[in-house]
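Enquirer: Sequence:
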Amino acid sequence: MVKVLDLRFQGAERVIASFLLDSGEGPVLVETGPESCYPRLVEALRAEGVAPEEVRHVFVTHIHLDHAGAAWRLAELGATVYVHPRGAPHLVDPSRLLASAERIYGDQLKALWGEVRGIPEERVRLLADGEVVALGGLEVQAVETPGHASHHHAYRVGDLVFTGDVAGVRIAPGPVLPPTPPPDIHLESWYASLDRLLSLRPKALYLTHFGAYEDVEAHLQGLKGVLEAWAGWVLHRLKEGLSEEEMVRRFEAYWHEGLRGAGVDEAGMRLYALADPPFMNLQGLVRYWRKHHPEALEG
1 MVKVLDLRFQ GAERVIASFL LDSGEGPVLV ETGPESCYPR LVEALRAEGV
51 APEEVRHVFV THIHLDHAGA AWRLAELGAT VYVHPRGAPH LVDPSRLLAS
101 AERIYGDQLK ALWGEVRGIP EERVRLLADG EVVALGGLEV QAVETPGHAS
151 HHHAYRVGDL VFTGDVAGVR IAPGPVLPPT PPPDIHLESW YASLDRLLSL
201 RPKALYLTHF GAYEDVEAHL QGLKGVLEAW AGWVLHRLKE GLSEEEMVRR
251 FEAYWHEGLR GAGVDEAGMR LYALADPPFM NLQGLVRYWR KHHPEALEG
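Mapping the sequence shown onto the UniProt record's numbering, position 83 (from 1) lands on 83, and the numbers just tick up by one.
No lab work stands behind these hints, which were simulated from the structure alone. Careful, some of the hints might be misleading.
[Stated by the list, open to error] Pairwise CB distance ranges, derived in the manner of DEER restraints:
hint : residue 1 : residue 2 : range
1    : Ala-212   : Val-132   : 20 to 28 Å
2    : Pro-173   : His-236   : 23 to 31 Å
3    : Arg-290   : Gly-49    : 23 to 31 Å
4    : Glu-295   : Glu-244   : 30 to 38 Å
5    : Gly-106   : Ala-212   : 31 to 39 Å
6    : Lys-291   : Leu-77    : 37 to 45 Å
[What the hints assert, rightly or not] Under the rule of at most 16 Å between Cα atoms (straight-line distance), these lysine to aspartate or glutamate pairs were calculated in the EDC-like manner:
hint : residue 1 : residue 2
7    : Lys-203   : Asp-215
8    : Lys-203   : Glu-214
9    : Lys-224   : Glu-246
10   : Lys-203   : Asp-184
11   : Lys-239   : Asp-159
12   : Lys-203   : Asp-159
13   : Lys-3     : Glu-76
14   : Lys-3     : Asp-22
15   : Lys-291   : Glu-214
16   : Lys-239   : Glu-295
17   : Lys-3     : Glu-43
18   : Lys-291   : Asp-159
19   : Lys-224   : Asp-195
Ideal placement from N, C-alpha and C gives every residue a C-beta, glycine not left out.
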C-alpha cells in the first residue's frame, strides 16, 4: 500500500508529494521533496508511525531540487539513495546543480528549496535501466524515462509506476500539464518515454505533482497532446521574432487561458504555478528549439 505524503510546499497542499511504501526491510521512500519541506516530511512520516532514521531506502526519480533536495538529510541518517547514473555525481557534489538553480531563482533559492549538501558516495547507489532492487517482498524496478531530464527514472512497483515529472503535473480536478524547464527538455525522448510507460500497462501513475491517477491511457495521451501544442506555440512565436519579454507575457496568457478553459479556478492556477511555473516552461521549450532544431527557426 502506498501512502501519499503531502509536503505542503510553500504552505500549499497538493503541490509536491513523497511516497511511503512498506517492505520486508523497513519503510521505503520515493522522492524526498525539497529540503525546505524536510520538517513537514518528518511530520508526515511520524504521522504514519515512521521515524526518519527508519527509512533505509530512498528512490529519487531525478535530481531536481523539488524531487531530491532533501535526499542528503535522509542519507545523513543512514539511508541509501537510488538514482540514475547521470544524476548521481550531482547528488555527491551539488555545486553545478546549485549554480544552475541560482541563475533561475536568484536570492529566492534558499527560501524556496532550502539547504542542499552533498551525499557521501557510499550512500548513493546507481541504478541501470531495468534494474530491480529487491527489498524483502517489495521489488522496485528502474525504468529509464528521459525527456524532462536526461537522468530521469520512473520506478515500477508491481502494477504501479512512480513517474517523477515524465508523466507531467496534474492537480485534480485539473488537466495534466508538462513541466518543461531548462536545460534538458528533449521532446522526441519524452514521447518515447510516454509510449514506454503505456507499454508497462500500469494500474495507476503516482505523480510527484500530485497524487495517483488510474486513467492511465487518457492521462498519457493528454500529456502528449499538450506537449505538442506548447512546442508548436513556442516555435511559431520564435519564428515571429518576438522579444523574450513579450514571449513570456503571451505564454503566461496562453497558459492561463488553457487552464481556465479546463475549468481550473484561480486557487488551482496558483497550485499549478507553484508546481510548474509557466515562465520556466517557456524557457525550456525555447532552449529545445534553439539547441536541437535550429533549422526549424529558419524562414
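Enquirer: Work down the list of hints and note, for each, if the structure agrees.
Expert: Do the hints match the structure? See the list:
| no. | hint | result |
| --- | --- | --- |
| 1 | Ala-212 <-> Val-132: 20 to 28 Å | holds (22 Å) |
| 2 | Pro-173 <-> His-236: 23 to 31 Å | holds (30 Å) |
| 3 | Arg-290 <-> Gly-49: 23 to 31 Å | violated (50 Å) |
| 4 | Glu-295 <-> Glu-244: 30 to 38 Å | violated (21 Å) |
| 5 | Gly-106 <-> Ala-212: 31 to 39 Å | holds (35 Å) |
| 6 | Lys-291 <-> Leu-77: 37 to 45 Å | holds (39 Å) |
| 7 | Lys-203 <-> Asp-215 | holds (8 Å) |
| 8 | Lys-203 <-> Glu-214 | holds (6 Å) |
| 9 | Lys-224 <-> Glu-246 | violated (26 Å) |
| 10 | Lys-203 <-> Asp-184 | violated (29 Å) |
| 11 | Lys-239 <-> Asp-159 | violated (44 Å) |
| 12 | Lys-203 <-> Asp-159 | holds (5 Å) |
| 13 | Lys-3 <-> Glu-76 | violated (23 Å) |
| 14 | Lys-3 <-> Asp-22 | holds (9 Å) |
| 15 | Lys-291 <-> Glu-214 | violated (35 Å) |
| 16 | Lys-239 <-> Glu-295 | holds (11 Å) |
| 17 | Lys-3 <-> Glu-43 | holds (14 Å) |
| 18 | Lys-291 <-> Asp-159 | violated (37 Å) |
| 19 | Lys-224 <-> Asp-195 | holds (10 Å) |
This entry does not satisfy hints 3, 4, 9, 10, 11, 13, 15, 18, going by the numbered hints stated previously.
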